[in-house]
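*Asks:* Chains D and A, in that order, give the protein sequences.
If you're matching positions, the first sequence starts at 1 in the numbering used here and goes up one per residue.
If you're matching positions, the second sequence starts at 428 in the numbering used here and goes up one per residue.
Each hint should be verified, as a subset may be incorrect.
Below, computed lysine-lysine pairings styled on DSBU-like, alpha-carbon distance capped at 30 Å [as the list claims (entries may be wrong)]: (1) D:Lys-41 <-> A:Lys-647; (2) A:Lys-527 <-> A:Lys-510; (3) A:Lys-629 <-> D:Lys-405.
By construction, these hints were calculated from the structure, which means they are not laboratory data.
2 protein chains.
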Amino acid sequence: MQIQQITYNDLNQIARARKQRESQDLTDIDEKVQSIVDDIKLNGEPAVLNYIKELDGAEVDSIIVSDEEIQAALETVDPNFIKLLEEAKANIEKYHALQKEKSWYHHEASGVWLGQQVTPIERVGIYVPGGKAVYPSTVLMNVVPAKVAGANEIIVTTPVGADGKVNPLTIAASKLAGATQILKVGGAHGIATLAYGIKHLKPVYKITGPGNAFVARAKKYVFGDVGIDMIAGPSEVCVVADKTANPTLIAADLIAQAEHDEMASAILVTDSHQVATNVKDEVNRQMEERTRKHILQHSLFNQGAIYVVSDLQVGFDLVNELAPEHLELLVRNPFEKLSSVRNAGAIFLGEYSPEPLGDYWAGPNHTLPTNGTAKFSSPLGVYDFMKKSSVIHYDQDALREAANKIERFADEEGLDGHGASIRKRFE
Amino acid sequence: MQIQQITYNDLNQIARARKQRESQDLTDIDEKVQSIVDDIKLNGEPAVLNYIKELDGAEVDSIIVSDEEIQAALETVDPNFIKLLEEAKANIEKYHALQKEKSWYHHEASGVWLGQQVTPIERVGIYVPGGKAVYPSTVLMNVVPAKVAGANEIIVTTPVGADGKVNPLTIAASKLAGATQILKVGGAHGIATLAYGIKHLKPVYKITGPGNAFVARAKKYVFGDVGIDMIAGPSEVCVVADKTANPTLIAADLIAQAEHDEMASAILVTDSHQVATNVKDEVNRQMEERTRKHILQHSLFNQGAIYVVSDLQVGFDLVNELAPEHLELLVRNPFEKLSSVRNAGAIFLGEYSPEPLGDYWAGPNHTLPTNGTAKFSSPLGVYDFMKKSSVIHYDQDALREAANKIERFADEEGLDGHGASIRKRFE
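With the hints as extra help, turn the sequences into a complete structure.
*Replies:* So, in structure tokens, the structure goes:
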């Protein structure tokens, strides 16, 4: 088997491919999720403790990680890795500080003052997956933007092990990044605990962070009562390469993305047949070197593809239709091609900007829109942890000038109390 | 009966009041909504036409409002009102232009280029309610920000009457604001048509605009496949008044909000017993003058309240817990009090800035977070019609410097392909 090669001619091909990947029946999951969330909303802490026992196999007295547990965890983590986490945190902080919006005001006309007040979301919850793998980078990428935004309370929740303990690296990363509290609750019960609170733990206003299908559906279910970031799907990379690109590096980058899980998608778009052929060979060669070869066989051969296009501009039409989570531009003068990119989560320019640089290090967020949602959504950012209020001030003359016009609008919409509210100011 | 007066001492009072208002059983609506949306997703235009027949009682050949229909509609609308719409549009445009974010980049260290590219959402759908009332202001408040953002296609959809026609004022406002297409599909079938498209009509990427429970639940159901703005609830005003405030105007403003519908909420927070008493009397007096008195009796007496607080700072704690859609500050030096407001959709400062000024005229958006969601969300704005991509460029030296650190992270997370993608660049 090998990675599929497609001669590209029809955008509808892509639309169909996406639809197939999406159409998973979630009815069973949704029913379970809703019963868990509703139960916790109604019954609070006892219900949460039950689910921890039933689903995580753990008996805990409190769902809050204690100061003693935090101290114990910090002592088990390699100090060299802590230093690395601190350095990564500094990079993330610096980039995200650039995103922080200021309140502003503007005088449009005499007596008219209009503004926009930007304030932090006061209390946020961060979901951090546990289970098979530990992702300290996920902790940093969620907690740091909340901290930069100025959130007062940043509550991390993560699954508890059967031993009643939480992964020490998750604890260390959370504390270092600025979390104010850490909870031992994973899954849909974790999302419900954040959204509706329990005794002595107030509900948060917004929840971010990745998770499995239960977490994702629980987030969608509670959305509206609290804010959520996005519903994340499998990870994706799209590499756009011209004939100047190095097939060895392209193959390595496709593999790096595809190793995440069997549904991960790695796509090459190129105008060079030679590059396409060489990448196919390189992928097969390099796969043999990788420890996660069993995953790569699924993800590369089922979800991967090499599109050969007549020219790069057609390639960018395809990219914008795919709206990939990660986009690498391995082309001559990649900066010049930025204007052709309309839909992508993060864009990596040139040979020395491989995608893993963004996962851990460079500073921009690695929580990115997947599955085509970059057409309408953005990387997680400081803006996800802030909100705006508009501010309006008219003085007497300014309102008098507008009074009749506002009243006419109110008449047109059949709301005579609206007109009266203006009129009574000049009686 | 009269408006309820509460001596305020406990934030939990508010939390409970909110919960009661929220807990409406939506299971029946959700089942209907999901079957409509799934049907249209699967069967396309014939299904849409069926629902138009079944639910709107109309037989139409095409769901697209034709150029002839647009022309005919424009001829029926009062030219004076068109001029007013144009003036309101100009105000909305000017304010929203101030919200438009620029792409930026930043050189953090030698060889490191980090940026954020901001681009419009290319294709958006706007839902405009029909039925009982016509709200041209809603059209402007949704279409203009999309236009300012730079969206290529702005598709308005609105319910069709039994005569197969759409309200001419909605058509006029849509064209004037910059809509590129108008559809005759209301309800959940309207949302499904926008989200999944039909033959010759591509799906949009994001849907905004208010609607009834069917529309709101349909938006929540399609969220994830497309973006949505927010789930809007009943309208609200909170007036904060000190003893300098004029009870006649406060009463008029409470009434203006409460006339929207029976669930609308009008709340006064004051540190003056005298003001509280006078407003109560004024409300009863002014209600008699209003055409929508039958609505006011429900909304003011059931959803309204006057909170008397010991001092204004306590009042602002209450305001921030309520997180009202509209907040009027009828106090001495209202600008100085802005720093006490953390959660509110729009803030109106002083005696000559009544809420209806914001509904129609001043320029800031009137689509605002309701039901406490101002704790985590913002007014509709240009930012809702744009999205961001992060951009990362490292040169060879910069990546070499970071290489070992990135590899260590990858090791820690068990992803050896990530490490290889870095390593191969220096082999």
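*Asks:* Which numbered hints does this structure break?
*Replies:* 3
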